[in-house]
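Here the protein sequences come in this chain order: E, V and A. Residues in the first sequence are numbered consecutively from 1, following my numbering. Residues in the second sequence are numbered consecutively from 1, following my numbering. Residues in the third sequence are numbered consecutively from 1, following my numbering.
Bear in mind the hints are in silico, worked out from the structure with no lab data behind them. On a predicted model such as this, the values are computed, not experimentally measured, just so you know. It is possible that some hints are incorrect.
Listed next, the stretches of chain V that the computed footprint assigns to chain A, with coverage defined by at least 3 CB atoms under 8 Å from CB atoms of chain A [stated by the list, open to error]:
| id | stretch |
| --- | --- |
| 1 | 93-100 |
| 2 | 105-115 |
Cut-off 35 Å, straight-line C-alpha distance, at most; resulting in silico cross-link-like pairs (DSBU-like, lysine-lysine) [as the list claims (entries may be wrong)]:
| id | chain 1 | residue 1 | chain 2 | residue 2 |
| --- | --- | --- | --- | --- |
| 3 | V | K86 | A | K119 |
| 4 | V | K30 | A | K119 |
| 5 | V | K35 | A | K119 |
Here's a subset of chain E near chain A, in silico, CB distances under 8 Å, partners left out [to be verified]:
| id | residue |
| --- | --- |
| 6 | W9 |
| 7 | V10 |
| 8 | V14 |
| 9 | A25 |
| 10 | G29 |
| 11 | V69 |
| 12 | K72 |
| 13 | F73 |
C-beta atoms are modelled at their ideal positions from N, C-alpha and C, and glycine is treated no differently.
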Amino acid sequence: MNRTVLDLWVGIFVAIGIVALLFLALKVGNLSSAHLSETYVLQARFDNIGGLKVRGPVKSAGVVVGRIVDIKFDTATYEAVVTMDIDGRFRFPKDTFASIYTSGLLGEQFIGFDVGGDEKMLKAGDTVTKTQSAVVLEKLISQFLFNKAAEGQETK
Amino acid sequence: MVLSDDILVDIQDLHFNYDGRPVLQGINMKIPRGKVVAIMGGSGCGKTTLLRCIGGQLRPTGGMVRLEKHRVCEMSQTELYGLRRKMGMLFQFGALFTDMTVFDNVAFPMREHTDLSEAMIRDLVLMKLEAVGLRGAHALMPGELSGGMARRVALARAVALDPMLVMYDEPFAGLDPIALGVIGQLIRKLNDALGATSIMVTHDVHESLMIVDYIYFVSQGRIVAEGTPDEIRASTDPFVHQFVHAEVEGPVHFDYPAPSVVQEFLSGGARG
Amino acid sequence: MTVDRIWRLGFAARFMFAVLRYSGASFRRLPLTLREIYFSGVLSLLIIIVSGLFVGLVLGLQGYETLQRYGSTEALGVLVALSLTRELGPVVAALLFASRAGSSVTAEIGLMKATEQLKAMDMMAVHPIARVVAPRFWGGVISMPLLAALFSAMGVLGGWLIGVVFIGVDDGAFWSQMQSGVDFRYDIWNGVIKSFVFGIAVSLIAVFEGYDSVPTAEGVSRAITRTVVTSALTILALDFVLTSFMFRGTS
Ligand SMILES: Nc1ncnc2c1ncn2[C@@H]1O[C@H](COP(=O)(O)OP(=O)(O)O)[C@@H](O)[C@H]1O
Ligand SMILES: [Mg+2]
């Protein structure tokens, strides 16, 4: 079998296609950062998760340390149970505080870990006990207005 | 007249319909080994259809085609493909593969069906092309050939695997008298050189009379006359007479079947 | 009329099984398929690269216009990348592929049928579906995802060119926002699956229309038109179905 010019072109074509795929995977997507290390699972319970979404980030000190993989509703306690995949390189103390934050005024919501001082670390499958629910903007605004109105009445 | 094991193709009471319209209505033929047989008839009388029934590309609605000891119409696809390796067919318009060179066209059956080395194939192809006088044209594309050259390349391809049966569908159509004579001689020469049997469909009486061993005349789906060239020349049959002498008036009707003229115009008038 | 359609659909289904059944030769004799990858893939490179670049440029411009009103121009990268990898890459590349490569496959097979080349092949004991149809089908199926990936990559580059080089969005923010917003498995891989499905659909339509065409000049030209129209409708309909399976509003 002889090599032909056609083979060369097909080779170039396939190579370009694969380079494009790699470019998408590594430069455009997050394959370079994610899934490189092992992950472990943590859970957290919230009264209200606001607009939290599956695949949303979990951050600590602003650095992404994991992803939300599942959100469930617990009918026994009427709480939201959030399951997170945390990067295996990072360990957090038992008394870590999980809160739901919003990036910017209208941006996406994420879980932020505020680290405590406990000696013991959270293990795979553990539940973060100390949580703070999402700040619901409507509630905040109505509270603010209510307070203002109350103030106004006092000064009269 | 001939011993039965010398019969290569035996056709008995063959019927074929296209969408219910009868095309072949009871054809009987015996084609002996080693001979060149011509089938003649007007355009549209079902000659191509007959060839394709022999090759197993069309299933007849009745009757039987036997090739050697195989009943063609009852064979499975795989068996048919096995049989067709021993057949060659020249299509009416050549049907050369337009995306391949002349060389690759002739090499096609060899590459598909044999494990010959490329060097061997090259020798064989050039030999076949030499036989049809086109060795020098092996690098051309089919689009660059004249009608007669294309027909000769198709001929070389049809005999590429040295088949035992070669079928030619109108090998003379649209050729000038010289090319016509060349192809006629080639068909005879190849048949004798390969020890093959040839069936040739044509309406060129004079060329055929010179090269064939036996002739069948087909009209309206039936055999209307048959004989050796000498018998045909001497025949007084009105059909044969009309054909051999290219007369307009005679038993052959060149019209497509239709209701009578009176009927058609009257019904048209009633509608309009 | 309706009966005819259903008849044709049934024939198409049987044809599809025949293509799969006779696909062995396309892989055993790789040069056959390589040749078709050349015709459907390599020859589509130019149109895919140029279109991808332009679509990216336009996305960059329009995206910037809109995003700057909300003061979040650094989200331009993620906007361009997501639109391309999820939707525009697979869909537009498939539409271009159908009109560039699909139509020529239909024309080729239709003309081979009209000039009795397929019948001649069958008489030579070579199955036309195995020798002519299957390699063209697989050539298309293999080319399509590569072309779609190339289209998306060129589009991202186009968006970057406009956003970062011409307008002056911050380069770091452009890429980092993109990387944190585009998930490999979820966005890119789903896009690849889409383009693969489109490749199967377009290639199948193209070879079927050619094989089923009326063997005359007019019949072949109608078949080519049908290839382009049917492919376009099928791509868009399939895109809707796939999108609703893949992206169920979870992000
Ligand atoms: N595919 C087809 N469908 C319907 N009718 C056909 C088809 N092919 C040929 N016919 C009809 O069958 C008859 C015989 O055709 P054919 O065998 O090609 O004739 P010829 O003797 O000229 O080779 C013609 O009347 C033709 O109209
Ligand atoms: Mg004919």
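Okay, the hints, checked on the actual structure:
Residue count for the stretch 93-100 of chain V with a Cβ under 8 Å from a Cβ of chain A: 6. That meets the three needed, and the coverage hint holds. Remark: the stretch 105-115 of chain V is confirmed as covered by chain A, as 4 of its residues place a Cβ nearer than 8 Å to a Cβ of that chain, reaching the required three. For the hint pairing K86 (chain V) with K119 (chain A), the CA-to-CA distance comes to about 16 Å; that is within 35 Å, so the pair holds. A distance of roughly 25 Å separates the Cα atoms of K30 (chain V) and K119 (chain A); the hinted pair therefore holds under the 35 Å criterion.
Our distance criterion of 35 Å between C-alpha atoms is met by K35 (chain V) and K119 (chain A), whose separation comes to about 26 Å. The restraint placing W9 (chain E) at the interface with chain A holds, with a minimum CB-CB distance near 5 Å, inside the 8 Å limit. Taken as an interface hint, V10 (chain E) checks out: its beta carbon lies about 5 Å from the nearest beta carbon of chain A, inside 8 Å. Hint status for V14 (chain E) relative to chain A: holds, with the closest Cβ pair at about 7 Å, below 8 Å.
Contact between A25 (chain E) and chain A, as hinted, is supported at the beta carbon level, the nearest pair being about 6 Å apart and thus within 8 Å. Look at G29 (chain E): its Cβ gets to within about 4 Å of chain A, closer than 8 Å, so that hint holds up. Below 8 Å, beta-carbon pairs count as interface contacts, and V69 (chain E) has none with chain A, the closest being about 11 Å; its hint is therefore violated. The interface hint given for K72 (chain E) is violated, since its Cβ lies 14 Å from the closest Cβ of chain A, which is over the 8 Å cut-off.
A distance limit of 8 Å between C-beta atoms decides the matter here; for F73 (chain E) the minimum to chain A is near 15 Å, and the interface restraint is violated.
Hints 11, 12 and 13, counting from the list given before, are not met by this structure.
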